Amino acid sequence: MTRYTAVTDVDRRAMLEAIGIASVDELFAAIPAAVRRSAPLDLPEGLGEAAVYAELRELAARNTSVEDEVSFLGAGMYDHYVPAVIDMLMSRSEFLTPYTPYQPEISQGGLQVMFEYQTAICELTGMDVSNASVYEGPSALAAAAYLAKLTNGRTRFVISRAVHPHARETLTTLCAGYGMSVTEVPLADGVTDLAAWGSAIDDDVSAAFFSQPNYLGAVEDPAPLVAAARAHGALAVCSADPLTLGVLEAPGNLGVDVCVGEGQTLGNRLDFGGPSFGFFAARDEHVRRMPGRIAGETVDVDGRRGFVLTLQTREQHIRREKATSNICTAQALNALAGVVYLSWLGRQGLVELGELLVQRTAYARETLGALDGVSLLHSQPAVREFAVSLEGFDLEAVRRVIARCAAEHVNPGHPLGIDYPEYQSGLLVAITEQRSRAEIDLLADVLGRAVAAERAGAQTAHGGGEAR
Amino acid sequence: MTAANETAMQRDRAVTIFEKGQAGRRAFSPPPLDVPERALDDLIPRRLRRAEPARLPEVSEPELVRHYVKISRRNFDLDTGFYPLGSCTMKHNPRLHERVAGLAGHARLHPLQDPARAQGALELMWNLERALAEVAGLPYVSLQPSAGSHGELAGVLLTRAYHEDRGEQRRNVLTPDTAHGTNPATVTMAGYDVVKVGTNADGGVDLDDLRAKADRETACLMLTNPNTLGLFDPNIAEIARIVHDVGAITYYDGANLNAVMGISRPGDMGFDIVHFNLHKSFTQPHGGGGPGSGPIAVADHIAPFLPRPVIVRHGGEGSNGSAREFDLDYDRPKSIGRLRGFQGNYGCFVRAYAYIRSLGGSGLRDASEVAVLNANYLLARLRQLGVCDLLPPAYDRICMHEFALTGAPMKAELGIRTLDLAKRLLDYGYHPPTVYFPLLVEEALLVEPTETETKETLDAFAEAIAAILTEAREDPEIARNAPYTTPVRRLDEAGAAKQPVLRQPLG
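Which chain is which? The protein sequence lines are B and Y, in order. Residue numbers are given in my numbering: position 28 of the first sequence equals residue 32, and the series is strictly consecutive. Residue numbers are given in my numbering: position 227 of the second sequence equals residue 238, and the series is strictly consecutive.
Since the hints were made in silico from the structure, they are not lab data. The structure displayed is predicted, hence computed values, not measured ones. Just so you know, not all the hints are guaranteed correct.
Stretch-level coverage of chain B by chain Y, calculated; a stretch enters the list once three of its residues show a Cβ under 8 Å from a Cβ in chain Y [stated by the list, open to error]: (1) 206 to 212; (2) 267 to 279; (3) 327 to 336.
List time: in silico BS3-like cross-link candidates among lysine-lysine, alpha-carbon distance up to 25 Å [as the list claims (entries may be wrong)]: (4) Y:Lys509 <-> B:Lys326; (5) Y:Lys207 <-> B:Lys326; (6) Y:Lys224 <-> Y:Lys207; (7) B:Lys326 <-> Y:Lys422; (8) Y:Lys345 <-> Y:Lys422.
So the derived label-pair ranges between C-beta atoms look like this [as the list claims (entries may be wrong)]: (9) B:Ala88 <-> Y:Thr91: 48 to 58 Å; (10) B:Ala58 <-> Y:Ala50: 46 to 56 Å; (11) Y:Arg66 <-> B:Asp306: 23 to 33 Å; (12) Y:Val257 <-> B:Val14: 29 to 39 Å.
Every residue gets a Cβ at the ideal spot worked out from N, C-alpha and C, and that includes glycine.
Let's have the full structure, built from the sequences with the hints guiding it.
And the structure:
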């Protein structure tokens with residue numbers, strides 16, 4: 005008996021007798037001896053609750069979290085403040101422990117949350133319809149690609165190279181299965197090269213993908229990107245950071261067909277990359293090809309307002325191999341955090357937070373750009389992230405600079421050279437509302453000295469020595 | 012039900028957060044602007060900016076909290092009552108897991124932190140991989156897939172990569188007619204055609220049909236074992252042999268792994284690829300429909316194609332202390348590539364690892380044994396109470412962790428359908444079993460009690476079903492119009508689909 009099971013010897017005897025067998029072993033008689041195991045699993049013995057806590061705490065202590073350093077890491081997930089109400093609501097049994105609302109009469113709480121979430125996402129993105137969420141950002145983009153393929157049956161996708169590298173790779177992985185090819189469009193001064201974008205799109209292109217803001221933190225000008233896609237009958241898909249949409253124009257107002265994105269910035273913690281949620285919103289005409297769960301409003305037999313899962317004839321449990329996606333569940337708990345966060349920020353708060361990010365980011369950009377050996381990698385507008393170049397450095401040198409900063413408990417950002425060989429010297433810096441002016445000034449000081457030290461090291465002893 | 016006897020919760024009609032609050036109310040106070048203010052127009056051109064703010068709610072924190080606490084009470088949940096939802100493994104969610112997952116070193120760790128400074132996380136993932144490999148009986152694991160369906164897609168894409176690497180283009184994937192809907196849907200998304208395999212009189216794979224359909228066009232067989240009828244297929248070795256003989260891959264859908272942990276390993280059964288549902292067998296809270304996590308384990312010949320990055324351990328045992336003992340390896344030339352961003356649902360890994368450390372090898376086996384004992388005991392109780400005269404098991408064998416009943420005799424004799432029984436169970440305070448699945452069982456009920464329920468709970472549930480049948484014999488209208496006590500009663504689902512209202516209209 006473990007602490008999570010309750011069968012005593014007395015119980016077991018009574019249960020076996022009711023079943024009409026003599027031993028638990030007989031329950032497994034259908035399993036042939038050749039595939040039935042007598043040896044125990046080669047795993048350590050179980051531990052008491054306090055011992056498990058201690059072990060997991062020890063593992064946690066060997067990670068440097070955003071509480072242990074002043075972190076400017078972003079590149080897809082961001083250290084925004086998660087209000088206490090979210091912890092409290094997410095830990096309620098009623099939200100935490102049920103499954104997909106298959107029995108709507110006893111799942112009205114969860115279904116209403118989905119309906120509210122869909123409303124909030126539609127408002128934020130300016131799109132007509134939203135599903136109840138999908139796994140996370142990059143796979144949401146790939147799901148939009150599958151919708152496009154179902155819509156027009158064309159053979160090729162076009163994607164801006166400024167879309168998150170994980171999303172580009174996910175698209176390539178997933179569309180290989182159904183035999184589509186992907187064309188990448190290069191960048192010009194930090195944004196999608198409009199001329200290259202235009203010439204990459206022809207009548208074979210099923211959908212064209214761009215990101216707003218893009219991976220380099222730059223704000224794209226979506227209107228001409230969308231126009232070029234639509235001119236050839238391709239779907240225009242925008243991967244947006246939802247938290248910037250208090251400041252930036254809603255993709256739905258720019259003619260986008262599908263708007264997807266990573267929802268982590270909406271009240272979800274970092275969790276070393278997940279779970280979070282992906283949002284998936286589209287124009288009305290695409291609703292019957294959307295993936296995933298969708299909640300809708302209806303009435304009960306007495307006329308009371310209620311909510312149900314709807315348009316289920318799209319889904320795998322009904323349509324099987326003809327389904328519009330294999331997705332089974334949403335990320336309901338993470339989407340709950342999303343809609344609570346948006347309600348907590350509120351109509352004005354989303355704008356105020358966005359404007360604060362723009363101001364602080366502008367300050368940080370100016371401050372870092374003024375450092376010796378540091379220049380701005382692009383001149384485009386930015387909301388909360390921007391790229392700098394540590395002039396003359398390669399990826400390894402950038403990594404050494406980061407390590408030097410880390411020794412002073414500052415994490416200056418993410419090296420761009422990992423995913424962009426053309427930006428070997430690049431560093432991506434994110435400024436959330438949690439990073440004060442004082443911390444930005446600290447970053448400038450620490451980064452400036454680390455760059456200088458790296459240069460000095462490279463001049464005196466080439467190879468420079470790890471700063472650990 | 013008349014207005015006079017409406018419950019308080021029924022009288023309290025649903026109001027959304029968008030219908031609450033007033034212009035100007037707020038729960039958020041922004042941090043101060045501590046940098047020199049610049050004109051917004053100079054920073055982002057007006058034409059790229061939003062003219063009209065999104066019409067988000069405007070509420071105070073107390074309003075916000077009360078709204079969501081109130082609507083949370085309109086949910087049934089696992090901590091409140093029995094939730095025998097077949098194929099979903101609704102076992103208890105230990106709160107220790109929430110506590111450890113919430114530690115800042117896990118919860119506030121950035122996914123792009125330098126691996127040298129995320130050694131605890133990578134070691135946890137490495138250890139979890141090794142434990143899952145041991146449970147699967149297969150050596151290599153990727154934790155990346157986000158859910159069971161995502162793991163399935165990974166598995167079928169791995170199959171494709173394996174065949175293509177050998178210069179073969181195959182067309183078909185075999186799935187039994189008992190399969191979860193995600194199997195055939197996945198096959199289509201991976202660009203293969205579904206070939207259905209029949210079920211024999213014992214509820215297992217029809218071997219003759221399998222032999223007839225397995226050929227050089229077969230890429231893979233996807234199989235759940237025990238299957239969705241809750242039956243272990245005793246021909247599993249022969250099934251694997253037939254599939255391997257045509258050069259195809261065997262894929263194990265781990266949805267029902269909770270029956271066999273430590274008792275029978277998919278690798279030993281002859282499977283090449285397995286997906287786990289951490290949210291089922293390894294007890295993640297289901298969150299009202301996500302998040303989940305769907306790691307995969309694979310045999311040696313599949314390993315080169317695993318999604319990247321993979322976690323590697325440098326220097327093996329005893330090298331503890333070096334800055335990068337554990338690392339992320341992207342240099343995998345044959346990898347199918349990423350399936351998503353970052354490293355997977357790490358928060359789920361922390362919980363699953365805590366569970367495995369709590370139970371150990373013998374505890375996992377105990378969990379499966381009790382899950383199977385509980386299912387068979389519940390079935391026996393239903394028999395003793397005469398329930399199975401009207402709701403007989405679809406296949407009359409010892410079941411594994413779940414069993415399928417057919418409501419066909421109940422429908423014929425009492426005039427109530429499985430749906431009616433399910434709805435009446437709501438009034439008795441139970442979450443009903445899965446209904447109308449598996450598809451090949453008429454008026455199906457799929458019952459999975461899990462190992463964390465007591466004998467007393469199982470007894471009470473059996474008695475509730477017996478009571479509903481007795482009541483229906485006297486007056487079937489009671490069940491046909493149920494439920495009565497839930498926050499809302501039967502909902503117009505057809506109407507919802509016909510005229511979809513998918514968002515709150517805002518003025």
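Hint numbers not upheld by this structure, sorted from lowest to highest: Violated hints: 1, 7, 8, 9 and 12; rest satisfied.
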